[in-house]
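Using this note's numbering, you'd call the opening residue of the sequence shown number 1 and step up by one each time.
Since the hints were made in silico from the structure, they are not lab data. Hints are not guaranteed to be accurate.
What the hints assert, rightly or not - Dumping the calculated EDC-like pairs for lysine to aspartate or glutamate here, alpha-carbon to alpha-carbon at most 20 Å: (1) K284 - E65; (2) K233 - E188; (3) K172 - E105; (4) K284 - D111; (5) K155 - E221; (6) K3 - D42; (7) K301 - D254; (8) K231 - D177; (9) K184 - E146; (10) K109 - D76; (11) K284 - E221; (12) K184 - E105; (13) K195 - D262; (14) K168 - D254; (15) K318 - E188; (16) K175 - D111.
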Amino acid sequence: MRKKIIVISGDPNSINSEIIFKSWKNISNRLKKNIYFISNYDLLKNQFKRLGYACSLKKVKNIKENLKDNSLKIIDVRLKFKDPFNVSTLNASKFTINCLNIGHELALKKDVLGIINCPINKKLLIKKNYGVTDFLAKKNNLKNKEEVMLIKNNKLAVSPITTHIDLKDVHKNIKKDLIIRKVKVINEWFTKNYKKKPKIGVLGLNPHNAELRKDSHEIKEIIPSISLLKKAKINISGPLVADTTFINEYKNYDVIIGMYHDQVLTPFKTLFKFKAINITLGLKYLRASPDHGVASNLIGKNKADNSSFLECLNFFNKLSS
1 MRKKIIVISG
11 DPNSINSEII
21 FKSWKNISNR
31 LKKNIYFISN
41 YDLLKNQFKR
51 LGYACSLKKV
61 KNIKENLKDN
71 SLKIIDVRLK
81 FKDPFNVSTL
91 NASKFTINCL
101 NIGHELALKK
111 DVLGIINCPI
121 NKKLLIKKNY
131 GVTDFLAKKN
141 NLKNKEEVML
151 IKNNKLAVSP
161 ITTHIDLKDV
171 HKNIKKDLII
181 RKVKVINEWF
191 TKNYKKKPKI
201 GVLGLNPHNA
211 ELRKDSHEIK
221 EIIPSISLLK
231 KAKINISGPL
241 VADTTFINEY
251 KNYDVIIGMY
261 HDQVLTPFKT
271 LFKFKAINIT
281 LGLKYLRASP
291 DHGVASNLIG
301 KNKADNSSFL
311 ECLNFFNKLS
321 S
């Protein structure tokens with residue numbers, strides 16, 4: 001029996017119902033049977049109706065409950081709302097956190113492949129600089145930043161050493177042990193799932209790699225970590241120069257690792273738009289999400305691009321085959 005896929009519908013004030021419906025129409029019936037949504041039945045029903053979507057929705061009590069038809073299966077989570085596209089921040093926050101908690105518990109089960117969460121406004125998670133990656137890392141009792149953010153498509157993957165922290169704090173967190181730990185997680189995951197050692201390129205932190213000054217992070221932290229990883233038989237190069245790597249050099253690598261979030265995500269999204277997914281490695285289960293936000297400017301307009309969510313579903317489908 002193929003493992004189940006849990007989808008968390010995410011922020012109720014978003015384009016999520018739109019990308020769910022558009023993607024649901026484009027996946028196989030075989031895949032549909034293995035997907036369970038954690039959401040609010042009435043919310044999705046009303047949002048679909050407002051958008052003019054015809055889709056069969058059915059409540060299920062748990063992931064053991066199978067349906068004979070291909071209805072969209074919903075594990076119903078309580079949510080108070082009057083306008084389905086304008087849920088209060090307080091209610092949206094409680095709902096989203098409840099859904100994430102339920103998704104986490106289900107993902108620990110042996111018959112579950114992992115979870116996909118639709119976009120979520122980070123403000124709903126209460127803490128400053130706290131995204132879903134951080135939320136699930138805490139749920140998994142990861143205290144030493146073992147989790148890894150990997151943005152991936154079939155051409156390239158990128159990963160930042162630091163994630164949702166202010167630029168002024170990045171340099172304080174660039175340490176040899178953190179670089180080594182995260183690179184090893186990425187190398188192990190690629191080797192296990194793709195049966196090959198990935199070719200990894202590591203960017204420096206400073207413009208022109210600080211001209212490799214003796215007091216630079218390149219000399220003190222980044223180059224020593226690369227040397228140690230090479231001794232561990234990992235196929236790694238660097239430090240690459242960040243301002244030119246994404247012109248052509250990136251094509252020589254499977255993974256480009258940067259020192260901070262926008263250093264790698266900005267050029268990656270410029271190159272590939274929504275043709276990518278956000279994967280969290282290092283958890284007790286696999287987690288992925290679309291590589292974009294809630295798109296509040298597009299809510300209810302039927303103009304959202306569902307490519308990234310569809311990529312998530314297809315990614316899980318391939319792993320379960």
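Which of the numbered hints above does this structure break?
Hint check: 1, 3, 5, 6, 7, 11, 12, 13, 14 and 16 fail, others pass.
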